[in-house]
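**Q** In the numbering used here, the protein residues as written are 1 to 361.
One should not assume that every hint holds.
To be verified - Straight-line C-alpha distance at most 30 Å; calculated BS3-like pairs for lysine-lysine:
#1 Lys321 x Lys338
#2 Lys345 x Lys317
#3 Lys317 x Lys338
#4 Lys298 x Lys284
These aren't lab readings, by the way, just hints derived from the structure by calculation.
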Amino acid sequence: MNILILGGTGAMGAPLAELLAEEHRVLVTSRSLRPSPKPSLRYLQGDAHDEAFLSRVLNSYAPFDAIVDFIAYGTSEFAARVQHLLTGTAQYIFLSSSRVYACSELSLTETSPRLLDVSDDSTYLATDEYALAKARQEDLLKNSGLWNWTIVRPYITYNTMRLQLGVFEKESWLYRALQGRTILFPQSIAERDTTLTYGGDVAKGISRLIGNGRAMGETFHIATPETIRWGEVLEVYLDTLETCLGRRPTVRYTPSPEWLRDVKKDYYAVCYDRLFDRQFCMDKFQSVCGSCDFLPAKEGLQRCLTRFLQGQRSFQKLHWKYEAYVDRITGEHIPLEKIQGWKNKWRYASNRWLPQSRQRI
Numbered sequence: 001m002n003i004l005i006l007g008g009t010g011a012m013g014a015p016l017a018e019l020l021a022e023e024h025r026v027l028v029t030s031r032s033l034r035p036s037p038k039p040s041l042r043y044l045q046g047d048a049h050d051e052a053f054l055s056r057v058l059n060s061y062a063p064f065d066a067i068v069d070f071i072a073y074g075t076s077e078f079a080a081r082v083q084h085l086l087t088g089t090a091q092y093i094f095l096s097s098s099r100v101y102a103c104s105e106l107s108l109t110e111t112s113p114r115l116l117d118v119s120d121d122s123t124y125l126a127t128d129e130y131a132l133a134k135a136r137q138e139d140l141l142k143n144s145g146l147w148n149w150t151i152v153r154p155y156i157t158y159n160t161m162r163l164q165l166g167v168f169e170k171e172s173w174l175y176r177a178l179q180g181r182t183i184l185f186p187q188s189i190a191e192r193d194t195t196l197t198y199g200g201d202v203a204k205g206i207s208r209l210i211g212n213g214r215a216m217g218e219t220f221h222i223a224t225p226e227t228i229r230w231g232e233v234l235e236v237y238l239d240t241l242e243t244c245l246g247r248r249p250t251v252r253y254t255p256s257p258e259w260l261r262d263v264k265k266d267y268y269a270v271c272y273d274r275l276f277d278r279q280f281c282m283d284k285f286q287s288v289c290g291s292c293d294f295l296p297a298k299e300g301l302q303r304c305l306t307r308f309l310q311g312q313r314s315f316q317k318l319h320w321k322y323e324a325y326v327d328r329i330t331g332e333h334i335p336l337e338k339i340q341g342w343k344n345k346w347r348y349a350s351n352r353w354l355p356q357s358r359q360r361i
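Please take these sequences and the hints and turn them into a complete structure.
**A** Spelled out as structure tokens, the structure:
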């Protein structure tokens with residue numbers, strides 16, 4: 001098979017590309033230059049948001065037996081290209097998200113209510129926030145008049161380079177821990193049940209949907225049915241850090257997540273996801289693809305964090321306004337010489353020490 005993966009370099013895309021390349025020809029788009037490790041796996045530098053670049057790829061390397069799309073689109077952007085994508089391949093696999101689901105006391109199935117369909121928050125519905133955008137894009141596929149699509153709804157995934165804590169990526173909690181500063185975490189999130197699925201396990205699931213005739217025109221979530229409280233996730237991280245570093249990071253719990261609104265830190269993701277209890281039923285996927293095994297969360301998180309700590313400990317772009325805001329609350333600070341770039345220094349210093357409006361904790 002000839003397979004195109006758009007934006008396939010993250011926690012799910014990277015292992016999927018390696019897995020598929022064992023038996024198929026795989027082309028992966030990436031905004032950064034990457035070497036191609038084997039003849040069956042080729043990385044092509046370019047931004048898949050660029051319609052001209054996408055058209056060149058679709059025209060130059062066709063025909064494709066499958067396209068797996070990890071790109072995060074705005075709804076209008078996706079509407080402009082959905083027909084192009086569907087007609088450019090035998091099977092189009094759209095990576096949606098299980099964040100589309102509304103709150104439920106039951107295990108989520110693929111027919112569980114979506115936020116887009118049941119929310120009465122008019123302010124929220126007026127946005128194209130991630131969960132709403134994914135649901136609207138699902139509807140564009142369903143109303144396209146074509147049925148060569150498969151919708152996949154992963155939930156929170158992790159690997160060595162992506163280790164989430166509530167709504168925080170590692171750049172917003174692990175960086176602080178390694179700097180010897182306090183982790184700030186809302187108690188209301190810590191008490192919620194969630195699921196975290198190893199990215200490699202999701203990749204295996206996606207690979208079993210590719211070329212599967214029973215997956216055409218269908219929606220599947222791929223997420224471990226195991227639940228774990230966010231507070232337990234934090235304890236796994238703290239235990240691992242103490243074992244590897246010889247010291248246990250300090251955590252300060254806040255009674256409310258309202259302070260996240262002040263720094264515009266994914267607040268809708270808090271209100272309409274992280275404050276929900278989440279559990280998934282995998283019956284539909286297993287009825288089409290057979291049984292599946294998932295790495296237990298505590299084991300997987302401990303293993304991935306340990307590997308990160310033993311490696312180069314690389315971080316992506318840091319949120320300096322957030323760092324300054326948390327330091328105002330905790331009474332800590334980071335020396336300015338440790339911050340690269342005068343703009344970042346000013347962003348941190350002005351938000352850390354200049355008078356600010358009332359802070360909510």
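**Q** Next step is simple, just say for each hint if it's right about the structure.
**A** Hints and how they fare:
With a CA separation close to 15 Å, the supplied pair lysine 321 and lysine 338 stays within the 30 Å bound. For the proposed pair lysine 345 and lysine 317, the alpha carbon gap of about 14 Å is at most 30 Å, so the pair holds. With a CA separation close to 14 Å, the supplied pair lysine 317 and lysine 338 stays within the 30 Å bound. Note on lysine 298 and lysine 284: the hinted pairing holds, with a Cα-Cα distance of about 25 Å set against a maximum of 30 Å.
Violated hints are absent here; each numbered hint is respected by the structure.
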